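Trainee: As a plain string of letters, each chain reads:
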Amino acid sequence: MDNKKRTNEWKRHGVQAVWALLTNSYLLGFAQGKIYKGKLKNLCVPGLNCYSCPGAVGACPIGAMQAVIGSWNFKFAFYVAGFLMFVGALMGRFVCGWLCPFGLVQDLLHKIPFFRKIDTFQGDKLLRKLKYVILLVFVVLLPMFLVDIMGQGAPYFCKLICPAGTLEGGIPLVLLNQTLRGAVGWLYAWKNVLLLITVFLSVLIYRPFCKYICPLGAVYSVFNPISVFRYRVDKDKCTGCKACAKVCRMQVDPTKNANHPECIRCGACKKACPVKAIR
Amino acid sequence: MRDFLRAPRGGICLAVVGLVMMGWGIFRGELPVVLEKAINICLECIGIG
Ligand code: SF4
Ligand code: SF4
Ligand code: SF4
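Line order of the protein sequences matches chains A and B.
Start counting the first sequence at 1; every next residue gets the next number (this note's numbering).
Start counting the second sequence at 1001; every next residue gets the next number (this note's numbering).
Keep in mind the hints are simulated off the structure, nothing from the lab.
Just so it is clear, the structure is predicted and the values come from calculations on it, not from any experiment.
Yeah, the Cβ is synthetic: ideal placement off N, Cα and C, and Gly gets one too.
It is possible that some hints are incorrect.
As the list claims (entries may be wrong) - Just some of the chain A residues that point at chain B, by a computed CB distance under 7 Å:
| # | residue |
| --- | --- |
| 1 | K37 |
| 2 | C50 |
| 3 | Y132 |
Claimed, not checked - What follows is a set of in silico ranges between Cβ atoms, one per label pair, in the way DEER data are often shown:
| # | chain 1 | residue 1 | chain 2 | residue 2 | range |
| --- | --- | --- | --- | --- | --- |
| 4 | B | R1028 | A | G240 | 44 to 54 Å |
| 5 | A | Q152 | B | R1028 | 17 to 27 Å |
| 6 | A | K125 | B | N1040 | 14 to 24 Å |
I would like the entire structure built from these sequences, with the hints used as guidance.
Mentor: Structural data, given as structure tokens:
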């Protein structure tokens, strides 16, 4: 059951919302069922934000990475990998807690009351490794090796899995654009089923997509232990009361590892600590 | 800010390596591929292609 003591998270949600609005501020796209075509799309945004969202003014790093890896003349994406390394080395998964629109969507969905909320389950820890497999297989290996006669690989994560693409790009564009509406088929249905499952599970479990599936979260998680922005627990102040671990919905115990790969830097533990031992 | 100043050198070095990689990627012409993908509706993302 979800018996966590809730810390007030609305300040963080405010930052998430402002960032989501800023990076999806091409309102004309929503009005016309089109997407932004300007030069800003050379730049990646730090979070999982589909570049086929009518409002998106930047490029999704996971989509961009597959595009470059899958293009016939490049087999490695230095620009996007460098961007992820730069952001990850500075902030780690702070991006997940504060700067990712799909993280915000899951945060809000989890606020919907349900008679049974699930904190953790048998196999939870093992299942969290799945995101690394998805990163390797769908974002890197398949676009690199499963190519057409021109040597061009498809963005397989976008094509077969990504529910953010369906929510932010697929649904609005198909609703607003008649030509696209005529082209929907089994793949569209499949991706909508995955989105529905993600939505339902997000009500039950805190951020299931982030915990088990997201390849971008997987990349940033690797940087968490060494990122410039990190947490420290003052051992002299800490009384071992575990208030921090109890409040964490990513199931991290900051007293054991304040920079665990699963920590999304939401700050709930910092607020919950009665002696302010986490900085 | 204090956190930033007390940062482990490793993180800063990696951030610099990231910047160098970005520069190398731009130099060898990866940006047009990113832009081309981002400014055309991605049929795979929206579940049509
Ligand atoms: S489908 Fe998902 S991974 Fe692909 S570009 Fe869109 S948000 Fe990014
Ligand atoms: S794990 Fe992925 S979807 Fe979740 S907040 Fe991080 S980048 Fe966004
Ligand atoms: S350890 Fe703290 S900051 Fe990290 S996810 Fe848990 S509550 Fe949030």
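Trainee: It remains to establish, for every hint, whether it holds in the given structure.
Mentor: Status of the hints after comparison with the structure:
1. K37: holds (4 Å)
2. C50: holds (5 Å)
3. Y132: Because about 19 Å separates Y132 (chain A) from the closest Cβ in chain B, which is outside the 7 Å limit, the hint is violated.
4. B:R1028 <-> A:G240: 44 to 54 Å: holds (53 Å)
5. A:Q152 <-> B:R1028: 17 to 27 Å: holds (18 Å)
6. A:K125 <-> B:N1040: 14 to 24 Å: violated (40 Å)
Hint violations for this structure: numbers 3 and 6, all remaining hints satisfied.
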